[in-house]
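Be aware that the sequence shown starts at 316, since it is given in the numbering used here, and climbs by one per residue.
The set of hints was computed from the structure by calculation and includes no laboratory data. Be aware that a few hints might be false.
[Claimed, not checked] Estimated spans, in silico, between C-beta atoms of each pair: (1) 607 - 426: 28 to 38 Å; (2) 493 - 466: 42 to 52 Å; (3) 361 - 447: 17 to 27 Å.
C-beta atoms are modelled at their ideal positions from N, C-alpha and C, and glycine is treated no differently.
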Amino acid sequence: MATVSGQGTTYNLPNYHGELFSITPTETPFLSAIGGLNAAKRTTATEFEWQTVDRRASSANNVALEGAAAPTGVARSRSNVSNVVEIHHSAIEVSYTKLAARGNFSGANIAPQWDDLVADELALQTQAELESIAVDIEQSFLSGVYQKPANNSTARKTRGILSAVTTNVLANGGTGRAITPDILNAAFKAAFDNGAKLPQDRTVIMCGSAQKVALTKAYQVPALNAPTRDRSVGGVAVDSLVTDFGTFGVMLNRWMPADQIAVLDLSVCYPVFLEIPGKGLLFTEELARTGAARKFQLYGEIGLEYGPETNHALIKDLI
Numbered sequence: 316m317a318t319v320s321g322q323g324t325t326y327n328l329p330n331y332h333g334e335l336f337s338i339t340p341t342e343t344p345f346l347s348a349i350g351g352l353n354a355a356k357r358t359t360a361t362e363f364e365w366q367t368v369d370r371r372a373s374s375a376n377n378v379a380l381e382g383a384a385a386p387t388g389v390a391r392s393r394s395n396v397s398n399v400v401e402i403h404h405s406a407i408e409v410s411y412t413k414l415a416a417r418g419n420f421s422g423a424n425i426a427p428q429w430d431d432l433v434a435d436e437l438a439l440q441t442q443a444e445l446e447s448i449a450v451d452i453e454q455s456f457l458s459g460v461y462q463k464p465a466n467n468s469t470a471r472k473t474r475g476i477l478s479a480v481t482t483n484v485l486a487n488g489g490t491g492r493a494i495t496p497d498i499l500n501a502a503f504k505a506a507f508d509n510g511a512k513l514p515q516d517r518t519v520i521m522c523g524s525a526q527k528v529a530l531t532k533a534y535q536v537p538a539l540n541a542p543t544r545d546r547s548v549g550g551v552a553v554d555s556l557v558t559d560f561g562t563f564g565v566m567l568n569r570w571m572p573a574d575q576i577a578v579l580d581l582s583v584c585y586p587v588f589l590e591i592p593g594k595g596l597l598f599t600e601e602l603a604r605t606g607a608a609r610k611f612q613l614y615g616e617i618g619l620e621y622g623p624e625t626n627h628a629l630i631k632d633l634i
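Using the sequences and the hints given, assemble the complete structure.
Below, the structure is given as structure tokens:
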């Protein structure tokens, strides 16, 4: 199957008999767990920010003398963190003939089948492109490399959460090693020691397929007694893993780098949309007709708010 560039016609988008199966993965666990495309924050600028504040060091017996004058006043300054929305823009164009010729079939010369799907071509292609955009956003939210251009000669790029984490990073100098309970506990410890609250209902261990298998082996769970998916986080089914710092969900994400495991506090993560006046967040819009075809553009600007980066942890250099 090939991508059709330009206008879709009866020649490059032929119909076939039978049920239509999508064979390309479209799941977006991270995006779905933090609200998806329909439950996001909104901004009125291409750059958005949030704030962090810490507390002074506390100690036992931090006391004063009886009758002493009030001490010198103290206050805590705040810091800001920012990210940008990136533009997702694509188009769909289908000829009038293709829209009308739903009875054309290019497959085997057989009678109509009970499961024939002769769909509205525009609806089918729009759904396919929206699913692709969602996966693009999922990958940006995970692995996006921040870019805030000075002019319009380069595109804005949102910072993904994996590159945002800089404090609680457990690397091994590029030398691969297998995940162990000690390494995972070290990641939780680093986050905890740096102030992360690690809420058990919203903190997940996110990994790809290889590290999911490695985690099971590391915790010596027999294949026939593997954890069942008995709960969900943000609507996404997860397994549970018991650690020294609590019981946390393991969220399988095919878009995670194969050699990394992330500990993510989803309670501080949000999609942020730049709302286009009169249009909405992520929208489809028909363009002016210049021939015997209909053309639509799909458009949205979205970025990731990930809260304090110290709430998360990242384990690198795994095998």
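Violations among the numbered hints, reported as their numbers in ascending order: The structure breaks none of the hints.
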